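**Q** Listed below, chain by chain, are the residues.
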Amino acid sequence: NAGVMQNPRHLVRRRGQEARLRCSPMKGHSHVYWYRQLPEEGLKFMVYLQKENIIDESGMPKERFSAEFPKEGPSILRIQQVVRGDSAAYFCASSPMSGLRNTEAFFGQGTRLTVV
Amino acid sequence: DQQVKQNSPSLSVQEGRISILNCDYTNSMFDYFLWYKKYPAEGPTFLISISSIKDKNEDGRFTVFLNKSAKHLSLHIVPSQPGDSAVYFCAASAETSGSRLTFGEGTQLTVNP
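Chains as they are written, first to last, in my numbering: chain A, 144 to 259; chain B, 61 to 173.
In case anyone wonders, no lab produced these hints; they're calculated from the structure. It should be emphasised that the depicted structure is a prediction, and the values quoted were computed from it without experimental measurement. Hints are supplied without guarantee of correctness; some may be wrong.
The calculated DSBU-like cross-link candidates involving lysine-lysine, where the alpha carbons are at most 30 Å apart (straight line), are [unchecked claim]:
(1) A:K187 - B:K131
(2) A:K194 - B:K97
(3) B:K128 - A:K187
(4) A:K187 - B:K114
Chain A is nowhere near these chain B residues, computed Cβ spacing over 12 Å in every case [what the hints assert, rightly or not]:
(5) Q62
(6) Q66
(7) Q74
(8) N82
(9) D115
(10) G120
(11) L126
(12) K128
(13) S153
(14) S157
In this text, a Cβ means the ideal position worked out from N, Cα and C, and glycines have one as well.
All chains, please: the whole structure from these sequences, using the hints.
**A** The structure is reproduced here in structure tokens:
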């Protein structure tokens with residue numbers, strides 16, 4: 144029973160390049176959440192998606208960041224024209240329920256993005 | 061605007077003793093609180109939660125206490141074990157924000173043998 148799978152685990156990008164982070168939720172889970180952890184800080188909510196729908200993107204930066212969760216395949220967090228400040232650990236969580244309180248949300252191991 | 065604060069970045073205790081991790085919040089709309097444990101290079105793992113209608117929830121060695129009037133919660137681990145050494149995050153959610161969790165900065169717990 145595989146958990147939440149994120150890849151790549153580590154990603155290095157030069158300033159101005161694009162970063163694509165993937166998240167495959169646990170089997171049977173149709174809700175995905177993305178969080179970002181900057182160095183020495185807690186996790187910050189970015190976006191909540193269901194299949195083919197963005198439910199809450201109130202934590203997403205207004206520019207350069209986008210997320211999708213297509214009918215088939217993993218959820219993708221896309222960062223265009225990366226800058227050094229985007230360097231962080233990006234965590235994905237999934238759950239089987241809607242409007243949940245995250246007790247049943249399981250986190251992936253994260254993708255550590257480094258912008259050089 | 062840090063709505064959930066963990067004022068102690070680190071805590072060190074002896075094996076067998078009690079570990080007490082503290083968390084304060086400012087948003088009175090928060091009505092559900094969770095603790096997560098995180099090892100290096102891994103994702104957070106859910107530990108225990110508490111609803112605002114309760115003031116205590118216990119699960120084995122872990123107990124969470126909630127003081128709504130003080131907007132304060134704490135996690136007690138007793139007895140502490142070396143394997144408990146990790147970063148502990150307090151998180152909160154509000155019914156109005158559904159699935160969105162607001163995390164504290166975390167407290168690094170070290171349990172010494």
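**Q** Hint by hint, note whether the structure agrees.
**A** Results for each hint:
In summary, the hint linking K187 of chain A to K131 of chain B is supported, as the alpha carbons are separated by about 20 Å, within the 30 Å threshold. A threshold of 30 Å between alpha carbons decides the hint, and for K194 of chain A with K97 of chain B the separation of about 28 Å falls inside it, so the pair holds. A threshold of 30 Å between alpha carbons decides the hint, and for K128 of chain B with K187 of chain A the separation of about 23 Å falls inside it, so the pair holds. The straight-line distance between the Cα atoms of K187 of chain A and K114 of chain B is roughly 26 Å, inside the 30 Å bound, and the hint therefore holds.
With a closest Cβ-Cβ approach of about 9 Å to chain A, Q62 of chain B is found to fall inside the 12 Å limit, against its non-interface label. With 12 Å as the threshold on Cβ separation, the claim that Q66 of chain B sits away from chain A is violated: the shortest Cβ distance comes to roughly 8 Å. At roughly 27 Å, the least C-beta separation between Q74 of chain B and chain A is larger than 12 Å, which holds for a residue marked as non-interface. The beta carbon of N82 of chain B is kept farther than 12 Å from every beta carbon of chain A, the shortest such distance being approximately 14 Å.
Non-interface status of D115 of chain B relative to chain A is upheld: no Cβ of that chain comes within 12 Å, the nearest being about 18 Å off. G120 of chain B, annotated as away from the interface, keeps every beta carbon of chain A farther than 12 Å; the closest lies near 16 Å. With 12 Å as the threshold on Cβ separation, the claim that L126 of chain B sits away from chain A holds: the shortest Cβ distance comes to roughly 14 Å. With a least beta-carbon separation of about 17 Å from chain A, K128 of chain B lies farther than 12 Å from that chain, consistent with its non-interface assignment.
Annotated as non-interface, S153 of chain B brings its C-beta within 12 Å of a C-beta of chain A; the closest such distance is 6 Å. Once the 12 Å rule is applied to beta carbons, S157 of chain B is inconsistent with being away from chain A; the minimum gap is 8 Å.
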